[in-house]
Amino acid sequence: MSTPDSKHDAPELGPLQRWFQAVITHGDGVEAGAAADEAQKLLGFKTGELDSVITRSRALTAAERLAIYANAYHTRLLECLGEVFPMLKRALGEDGFNSLAFGYLQEYPSRSYTLNELGRHFEGYLEQTRPALPDSASESVETQAPPDEASLSQDWPGFLIDLARLEWAIYEVFDGEGVEGKALLAADQVLSIPPARWAEARLKPVVCLRLVATQFPVNDYYTALRRASADDAIALPAAAPSFVALTRRNFIVRRYNLSRPEFELLKAFKSGRSVGEALDAVLSLPEVDLGTLPETLKLWFRNWTAEGFFETIQFDG
Amino acid sequence: MSDPRLGYPHLGLGVGLRTVHFDYILEHQPPVDWFEIISENFMDSRGRPRHVLTQIAERYPVVMHGVSLSIGSTDPLDFEYLKKLKGLACEIQPRWISDHVCWTGVAGRNTHDLLPMPLTEASLKHVVERIRVLQDYLERPFVLENPSTYVGFTGSTLSEWEFLARMAQEADCGLLLDVNNVYVSSVNHDFDPEEFIRSVPHERVVQFHLAGHTNLQTHLIDTHDGEVIDPVWKLYRLAHELTGGVSTLLEWDAKIPPFPVLHAEVLKARRHIGQELADVAMGGSGTVPESISQGRESPATSRDRLSGVPHPLHHLAAAVE
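Residue numbers (my numbering), protein chains in the order written: chain C, 1 to 317; chain S, 1 to 321.
Bound-form chain C, shown alone (with noise of 0.2 Å):
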């Protein structure tokens, strides 16, 4: 076996694991990282002295025997980070996304031990950081609105940071806590329920509902995308206040989108509040017309129920 060196007593393993980590998630690769402060710090070996604490092989030096293990670390999280954000990938393109993951990173490295929380804190990141336009982008992304590149630049961070919304939000309903095999609320149940019963009633969406309020229709974008081919670009789109609900049926997550009092009442019922507080809220809306209110309520409940939108109704008292 190698003998450690005589310059230096072999270190003690908490200062050398943490000089390790320190080197190969080094942004600027693992010489830089040696010469860090944090690993001289730690052990003080400069980037020449590396052969001090790690052994040559046959055919690489110790500075490329731990490249192997900061490139695998560097590969493996933005390719997990890609799995969790595939349309924002395919909207930033590889480079693009790949860039932009490599400081988040560098910003926000795993603390956990699984995967599944990788990407919890990239919409912070996006909006921390509002990350500009790339130049690779601006060529490649087709616009329909706004025409000029000021306005998409300046417009793209929002872009970015509710696709990126969209999706950790797709990500955590799918391996979420779900409603398979429960009975759930069926349309004439809750249409049967008397207006004077609406104060005390309280429907209880089921757990695996999220709602998602975007600046931009990043769910149509979304579905553009997979509808698309790899190669197809798809138009970036203006900005307009966009609703989305998401739940699960069957262990696969659905997306629906919804008008802005739809979203408001679902966000209702989510808070707790009764039928009658719910709609109460929603009544003062301008998009909400009085007169065909009650048979719009009644599209909307057939269509939520059809979708499986709730679990029960409780009533007060």
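Hints are computed from structural coordinates only; laboratory data are not their basis. Possibly wrong hints are sitting among the right ones.
[To be verified] Each pair of labels, with its calculated beta carbon distance range:
hint : chain 1 : residue 1 : chain 2 : residue 2 : range
1    : S       : E129      : C       : E94       : 40 to 48 Å
2    : C       : R249      : S       : Q169      : 49 to 57 Å
3    : C       : A281      : S       : V133      : 48 to 56 Å
4    : S       : P30       : C       : A199      : 36 to 44 Å
5    : C       : E107      : S       : D190      : 48 to 56 Å
6    : S       : D172      : C       : E94       : 44 to 52 Å
7    : S       : D172      : C       : Q314      : 53 to 61 Å
Quick reminder that beta carbons are idealized off the backbone N, C-alpha and C, glycines included.
We have chain C; now place chain S onto it with these hints.
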């Protein structure tokens, strides 16, 4: 230790359970002897992965294989993780639980890689103490695997097989002997893989792993993306002879083929060790290939040359409509 394999059963020839094969397995119920799952893919799942696992665990023997235990880390053992691991074990009743002799991160971070231990007396003491705590908590003997490694430490004073042998003896745990990892590390560190196989305590070997790897000329990477190559089969024959035969599992994690191809690959083991496995396997059958194909190392693509990603990559993509 009174019983070989710590008293754990000989399950026959199994394969790693991967998401892409869920539908095939549920529909066809292939005659596989057993499945190994990646524990972390199911510990927190309340969706389809856990639902599918429950069905599979009702029909097949299952073993839980983890990648995030980090038994060698100097961070404290993560009891939140262990609680979930134990909870999953209570639910699906695995034949045993395993992980790797490695660390995955320190200072609260996780690199999601199987990082190498310096092979020293201090490391050995540290790992042994933690295995004892782990086994007390899980209330069962644990099984630990030799990982593929790509660096050695100048401070190491033990060979890897000495480290494993003493670790297993002193902690009274089992070994998962990954034959492909022995081969990969033997090339990367220039040691004799047969000496490794001959030197581990054979009565403590509970399980074998087989897998393909990628040859980058200057080193090998444990990519789990192809057939088992002949030198690895040769080591497997030796390991089988020395242990008397133990549960064998094929891992295939990248460029994953259709399930029948995967199953046929592990069934090649029968030709290498004789037909006696058919008698010990629990109802195992399946088609034995007419001839054993010449397994080849995966050629390195340009991407591999740049990155070379050793496994694990344990992650599930969402199903969306």
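Checked hints:
Restraint check, E129/S to E94/C: a C-beta distance of roughly 45 Å satisfies the suggested window 40 to 48 Å. In this structure the hint that R249/C and Q169/S lie 49 to 57 Å apart at CB holds, the actual value being about 53 Å. Between A281/C and V133/S the beta carbon distance is about 54 Å. The supplied range of 48 to 56 Å therefore holds. Here the CB-CB span from P30/S to A199/C is close to 57 Å, at odds with the stated 36 to 44 Å.
The hinted window of 48 to 56 Å between E107/C and D190/S is violated, with their beta carbons roughly 39 Å apart. The hinted range of 44 to 52 Å is satisfied by D172/S and E94/C, whose Cβ atoms lie roughly 49 Å apart. Checked against the given bound of 53 to 61 Å, the beta carbons of D172/S and Q314/C, roughly 54 Å apart, stay inside it.
Hint violations for this structure: numbers 4 and 5, all remaining hints satisfied.
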